[in-house]
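Protein chains in written order, with the working numbering: chain X, 70 to 833; chain Z, 4 to 179; chain E, 14 to 101.
The list that follows gives simulated cross-link-like pairs (lysine to aspartate or glutamate, EDC-like), each with its CA atoms no further than 20 Å apart:
1) 99/X to 98/Z
2) 488/X to 73/E
3) 233/X to 28/E
4) 249/X to 57/E
5) 476/X to 75/E
6) 23/Z to 196/X
7) 233/X to 48/E
8) 634/X to 572/X
9) 233/X to 60/E
10) 105/Z to 89/X
Chain X stretches covered by chain Z per the calculated footprint, using a threshold of three residues with CB under 8 Å from any CB of chain Z:
11) 277-284
12) 328-334
13) 356-368
14) 546-557
So the derived label-pair ranges between C-beta atoms look like this:
15) 801/X to 146/Z: 34 to 40 Å
16) 173/Z to 634/X: 37 to 43 Å
17) 86/E to 693/X: 54 to 60 Å
18) 29/Z to 205/X: 48 to 54 Å
19) 141/Z to 693/X: 25 to 31 Å
By construction, these hints were calculated from the structure, which means they are not laboratory data. The structure presented is a predicted model; accordingly, all values stated were derived computationally and were not measured. Where a beta carbon is used, it is the ideal one built from N, C-alpha and C, also for glycine.
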Amino acid sequence: MAESSNGHYKVIGTRPIRHDGIDKVTGRAKYGADYAFPGMLFGKVLRSPHAHAIIKSINVEKALKMPGVKAIVTAADLPEAEDKVEQVGEAAMNPRYLSMNILAHSKALYDGHAIAAVAATSPHIAEEALRLIEVDYEVLPPVMKVDDAMKKNATILLPNLRNKEEGDNPTNVASHLQFKRGDVAAGLKAADFVVEREFNTAMVHQGYIEPHNAVGIYNSDGQATIYCSTQGAFDVRSMCAQVLGVSVGKIKVVPAEIGGGFGGKTTIYLEPLSLMLAKKTGHPVKLVMSRSEVLRASGPTSGSKIKIKMGCTRDGKITGAEVWMAYEAGAFPGSPVGAGAMTILAPYNIDNFQVDGYDVVVNRPKTAAYRAPGATNAAMAAETVIDELAEKCGMDPIDFRIANACKEGTPQIVGPPYKRIGFIETVEAIKNSPHYKSELTGKNRGRGFAAGFWFNAGMQSSATVNIQTDGTASVITGSADIGGSRASMAMITAEVLGMDVTDVRPVVADTDSTGHTDVTGGSRTTFATGMAVYNAAQDVVRQLKERAAKTWEKKPEEVKFEDGKFSAEGEGIKPMNIKELAKRLARTGGPITGRAQVSTGGIGVGPAFAATCVDVEVDPDTGKVQILRCTVAQDAGKAIHPSYVEGQMQGGTAQGIGWALNEEYFYDAKGTLRNSGLLDYRMPTCLDLPMIETAIVEIPNPIHPLGVRGVGEVSIVPPPAAVANAIYRATGVRMTELPMSPPRLLKAMLENRRTHELQAAAAD
Amino acid sequence: MAQKAKTNGKVNGHHAHSHKTRVEATINGENVEFLCEPRQSLLEVLRDVLELTGSKEGCLTGDCGACSVIIDGRTVCSCLMFGVEADGKKITTVEGLANGAKLHPLQQKFLEDASLQCGICTPGFLMSAKALLDRNPNPSEAEIRYALAGNLCRCTGYDKIVHAVLDAAKVMQAGG
Amino acid sequence: MATAIIPSLMRKLTDGRDRVTVSGKNLREAIADLDRQFPGIANELIEDGDIRASIAVSIDGEVGANGVLDTIRESSEIHFMPQISGGS
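Can you build the whole structure from these sequences, using the hints too?
Below, the structure written as structure tokens:
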């Protein structure tokens with residue numbers, strides 16, 4: 070076992086091999102699509118080829134007659150859903166819209182919208198059967214951009230959608246929010262330099278390598294089981310119950326291993342379909358999305374339009390900021406524009422600002438959470454404008470951040486002041502990094518810096534720690550493990566109990582076997598589930614002290630627990646470790662189970678900052694950008710398993726770079742997605758990236774027993790802006806569109822060159 | 004002619020039963036015999052017919068590499084090959100990488116270097132990396148990145164994967 | 014007395030004021046008091062007897078977990094914010 074990274078912990082801060090590792094490198098681990106059951110059928114989904122259409126009729130007769138086809142379901146098989154906003158999982162959503170997304174009711178609202186689902190004896194037969202389903206569509210004009218959706222007299226997607234400001238007029242604007250402080254007009258007037266820019270960012274997908282899957286089993290007594298790859302088994306359960314009109318207790322969800330989520334697997338698509346088909350056929354039914362379906366029909370994150378105006382004094386103090394942002398919600402309301410509005414200015418102490426955000430429906434798939442949802446779009450706008458202001462002031466970009474930095478006590482955008490945070494320490498970690506200190510030489514090369522913020526959530530988690538008869542332990546939580554979190558749970562348990570981490574077995578349990586646990590997402594797992602595990606382990610220690618006391622005929626208060634050993638003052642009392650004490654459990658009261666549940670509040674329980682520095686080289690003839698070097702710093706509070714914290718930082722950075730340079734949804738004029746495959750939805754490969762250097766900053770979170778802050782998300786926020794700032798220094802061009810793909814960058818560079826040539830000619 | 008059309012097994016123009024073909028291949032050193040439909044890919048055969056679910060489906064178009072297997076020393080996307088084409092071939096999947104209970108140095112280094120987060124791409128990477136090290140025992144970082152460019156990972160940013168391959172190469176060169 | 018910070022789009026219901034003094038030992042009482050001073054504003058914040066699902070409430074910098082039963086102290090600051098979801 071490696072050396073601990075800091076003095077007083079024995080396990081926390083080391084880098085043990087994860088407990089599920091061997092299963093994953095040998096192919097033994099079972100992901101959702103790996104499950105098979107006797108008599109299992111295969112399901113496939115018929116999807117709308119139209120971006121916007123009225124569904125006049127659906128005829129499944131011919132398809133049902135096909136040999137091998139056992140059942141077909143449509144929205145007619147779903148109960149009527151309530152039209153209101155409800156708390157389901159960590160998000161607020163409208164059950165009616167959720168139901169409409171599972172199977173289209175009266176309208177198809179995006180290319181790929183689910184219309185019907187078929188169960189058959191082979192996936193090939195199910196697919197062939199789809200072609201026999203007859204759907205009568207009345208095609209309507211598609212609305213693909215926020216500009217078009219917000220126009221007066223725009224084609225309306227949802228006839229019943231209203232917002233407060235437009236009263237009873239049908240609209241595509243689901244909501245408007247605003248954050249205001251001070252007097253922004255006066256603030257901008259007081260500025261020596263003002264920069265105003267408009268940004269357009271394209272819709273992008275989380276890009277998990279594992280497509281969505283679900284196996285549904287329905288028993289005749291109404292008890293159902295779903296095996297699926299999900300970030301939140303309890304949310305799958307409550308959302309399926311909601312959509313199917315049954316009580317939560319009738320559904321058990323078993324979380325399979327999950328092949329990536331990034332927020333995209335915190336909602337449901339196939340799960341209710343698997344149960345509906347299982348109920349109709351009396352057989353288990355497996356559904357798996359193809360890659361094309363994943364891109365067409367599972368939630369990407371919003372494209373956006375952001376207009377920003379910011380001013381500062383000549384010595385680099387921001388005096389005012391004005392932001393207008395409109396985010397694509399997809400076919401139903403619920404873009405992350407709120408988070409975008411709350412994060413865009415979050416790292417800075419600004420007295421005068423106004424941020425207006427609009428949630429806009431368009432004929433695209435319903436957006437789902439994607440790693441710090443809303444924040445990356447916002448940072449692209451703010452962090453490049455700040456870079457421009459810093460340049461005008463002649464200041465180093467990091468010094469400009471420090472001059473305006475938030476610290477403990479600075480009011481947040483929505484008011485309550487920050488507790489102890491590490492923004493300054495994080496940007497300084499870049500400033501002091503070997504990368505930033507090194508010189509970048511060579512033509513067409515540039516260095517860019519950007520910072521980012523994410524709230525990090527808390528919410529509910531449960532944990533149980535059992536002591537086995539041999540003194541080893543199992544720790545049971547409901548947190549799906551997408552990045553190595555079960556190892557951290559074992560490490561926290563081992564630390565508290567003074568054991569080797571190999572003596573602790575972490576279990577990710579199903580919804581029947583553990584208490585309610587919110588999603589693995591929102592950077593909350595090590596924070597909240599870790600807190601529950603810590604408390605459950607402490608509960609075990611308390612109970613073990615009672616047992617030791619009994620054995621020694623002492624009072625529990627007289628028993629000490631230190632360095633993994635129980636001891637007490639007295640003649641002939643020898644200290645015992647847990648393994649020795651475990652032998653006495655049967656005679657002192659029976660087995661020991663420690664339990665804890667936490668409800669840690671919603672967002673902002675451990676705000677975290679990231680900062681990224683990137684060096685690029687731009688090919689002047691093609692506009693292709695090569696990442697030469699990259700360093701990311703992030704405040705983790707306390708890194709339980711440093712390798713997995715580094716992994717989160719590197720993974721988020723890679724996604725941010727893909728977002729910056731190549732990833733985008735390409736729809737044609739009809740609203741059909743033209744790049745629904747991984748060749749043309751271009752994510753970074755091994756060859757596109759260098760090693761990603763990391764600097765973990767540890768400013769302990771004051772409200773967590775171990776100081777933990779969430780680490781999963783914030784690293785995705787700065788890269789697009791950092792890359793844009795680097796491209797500026799390499800080429801002289803300020804990009805305001807994402808992605809900064811070769812054709813776009815080349816066009817901008819050529820225009821820039823032409824402008825300079827004309828200016829030079831005019832000057833002669 | 005009309006008589007023949009009626010008896011060719013089609014219903015509504017679609018085959019009710021596809022004819023299955025018998026295939027013989029060597030998979031992970033074992034002689035294997037299976038039946039499959041001509042339209043089933045090798046990936047589908049491995050996963051659904053032979054129950055070797057270690058190879059994963061990520062895209063079905065050969066772009067992500069999650070289904071990578073080794074055939075005659077080359078990395079192949081099993082989603083781009085038909086099951087019937089495996090006849091007479093020697094195939095290695097992730098299930099055949101370890102030597103009994105002893106992990107291959109690549110598997111060991113992936114674990115020690117924390118080179119997997121969700122793990123779905125790991126079998127594919129292990130296959131591509133093994134094929135690389137078997138033909139180039141001492142690759143540079145650039146050569147590793149080139150060889151692995153056909154395997155997509157969305158979780159790690161590839162940094163720790165490349166380190167693991169470099170570390171495994173060192174172990175294998177030292178005779179481990 | 015506790016202070017309720019009013020979101021900017023609701024300020025038209027509070028005569029443009031961004032800070033309003035409220036009394037009460039929990040959020041339910043504080044919102045009731047707010048509504049007494051500015052009738053109609055409770056409707057923006059409460060639905061079915063509890064805080065609207067689309068709103069999160071922070072009291073003294075902590076987002077509570079007890080809805081309208083979250084306790085208020087003498088000098089508490091209450092902020093109303095949009096509900097945010099996470100990814101990762």
